[in-house]
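S.K.: Sequence:
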Amino acid sequence: MQGLTFKIKELEKVVEQKNLDLENLEASHGKVMKKLSVTVSKFDEQHHLSANLLAEVEKLQSQFQDRDAEISFLRQEVTRCTNDVLVASQTSNKRSSDEIHELLTWFDMNILSRCWRFWQRN
1 MQGLTFKIKE LEKVVEQKNL DLENLEASHG KVMKKLSVTV SKFDEQHHLS
51 ANLLAEVEKL QSQFQDRDAE ISFLRQEVTR CTNDVLVASQ TSNKRSSDEI
101 HELLTWFDMN ILSRCWRFWQ RN
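With the first letter of the sequence shown counted as 1, position 10 gets the number 10 in UniProt numbering; the numbers rise by one all the way through.
Don't read these hints as lab results, they were simulated from the structure.
Computed from a prediction, not measured in an experiment: that's the story for all the values here.
Restricting the straight-line Cα-Cα distance to at most 25 Å, the calculated cross-link-like pairs of lysine-lysine (DSS-like) are: (1) K34 x K18; (2) K42 x K31; (3) K18 x K7; (4) K18 x K31.
Distance ranges between label pairs, derived from CB positions: (5) S37 x T5: 46 to 52 Å; (6) L112 x C81: 42 to 48 Å; (7) K18 x L53: 48 to 54 Å; (8) F6 x K42: 52 to 58 Å; (9) M109 x T79: 42 to 48 Å; (10) Q120 x S92: 39 to 45 Å; (11) T91 x A51: 58 to 64 Å; (12) D66 x A27: 57 to 63 Å; (13) C115 x A88: 36 to 42 Å; (14) L36 x I8: 36 to 42 Å; (15) K18 x A51: 45 to 51 Å; (16) L54 x S92: 52 to 58 Å.
Note that beta-carbon positions come from the ideal geometry of N, C-alpha and C, so glycine has one too.
With the sequences and hints as input, model every part of the structure.
M.R.: Right under this line is the structure:
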């Protein structure tokens, strides 16, 4: 009987130790679950921020493409206007050259021929 009583006390100690271990495990499990919950919340927050950042990058990329197209258009306009100015300048220079040529021709025909006639008479 004393042997059984000893055995029962031993088993009760083992059960008590196992209960203590189980309580410690449950406490550790609670701490781990709390940390996991915080980690998941932070991950969700980072995921949300990443999605917002990606949307912002796509928006900026679209704006960049729009500006790039606008710059290309403006460059073409500058080139076209420059060419128009060059053509106008060349036309003006040609007109001035033609007017000078006409003046010299008139001068040659009128003034020089009179001088020639005058010189021949004298």
